[in-house]
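Asks: Okay, here's what each chain looks like letter by letter:
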Amino acid sequence: AQSVSQHNHHVILSEAASLELGCNYSYGGTVNLFWYVQYPGQHLQLLLKYFSGDPLVKGIKGFEAEFIKSKFSFNLRKPSVQWSDTAEYFCAVNKGNRDDKIIFGKGTRLHILP
Amino acid sequence: EPEVTQTPSHQVTQMGQEVILRCVPISNHLYFYWYRQILGQKVEFLVSFYNNEISEKSEIFDDQFSVERPDGSNFTLKIRSTKLEDSAMYFCASTWTSGGLLYNEQFFGPGTRLTVL
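Line by line, the protein sequences are chains A and B. When you line the first sequence up against my numbering, it's residues 1 to 114, in that order. When you line the second sequence up against my numbering, it's residues 1001 to 1117, in that order.
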């Protein structure tokens, strides 16, 4: 069965620090990969996605993620975080079909100190 | 920009009562989903729905749960007899068919917070 592992449950950083959140998935076939963000009190928003092509994906708000197929990883990065990035971040995967459930990781709660 | 909407935003009910959570997917979408997130836990898949029938359901989606697309626009999740452990945020999602491209970004609604007392 598919699964998604996020390495960090809670990350605390100061503003302007660099961010990298780890994500690994377990599925050997074609996958679609996602990072979702959930700001306090708000719903899930798509941060970025990978379906095919360039493994370095750029998303909104300066985030990017790199798909490394050999490592089954899709780590999220941002060179300089802001206080407004405080949120919970979910890595997610589904198979390359049109109708397939998304499997979410447990999430990483990111807290940025002003 | 089109978006998925859900009503109500918050539902409080007594244990054993029936609840119906409503979703209006994006109008040209054909695939519909329900997920839930128990407080402090990850988002979990419940069920997928296509062409007026369930495509896949998880172990969570037992006989107490049902889904329906009653009128071509709404997509509902019914819990027949709620339990305390059903308290969670329930998210609806939808996606479109892309004519053979493997492109299936799911768009999520804002969620309904269900509290079972």
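Just to be clear, a hint being listed does not mean it is correct.
As the list claims (entries may be wrong) - Derived SDA-like pairs: lysine to any residue, alpha-carbon spacing no greater than 20 Å straight-line: (1) Lys-49/A to Ala-16/A; (2) Lys-61/A to Glu-1001/B; (3) Lys-61/A to His-43/A; (4) Lys-1042/B to Ser-14/A; (5) Lys-1042/B to Ser-26/A; (6) Lys-95/A to Leu-113/A; (7) Lys-1042/B to Leu-46/A; (8) Lys-1042/B to Ala-87/A; (9) Lys-49/A to Lys-1042/B.
Calculated directly from the structure, the hints in this document are not laboratory data.
Asks: Each hint needs a verdict: does it hold in this structure or not?
Replies: Hints versus structure:
1. Lys-49/A to Ala-16/A: violated (24 Å)
2. Lys-61/A to Glu-1001/B: holds (19 Å)
3. Lys-61/A to His-43/A: Given that 20 Å is the threshold and the Cα spacing comes to 17 Å, the pair holds.
4. Lys-1042/B to Ser-14/A: violated (25 Å)
5. Lys-1042/B to Ser-26/A: Holds, at about 17 Å.
6. Lys-95/A to Leu-113/A: Violated. Lys-95/A to Leu-113/A sits at ~37 Å, over the 20 Å cutoff.
7. Lys-1042/B to Leu-46/A: Roughly 16 Å separates the two Cα atoms, so the pair holds.
8. Lys-1042/B to Ala-87/A: holds (14 Å)
9. Lys-49/A to Lys-1042/B: Roughly 19 Å between the alpha carbons, so the hint for Lys-49/A and Lys-1042/B holds.
Checked against the numbered hints given earlier, the structure breaks hints 1, 4, 6 and satisfies all the rest.
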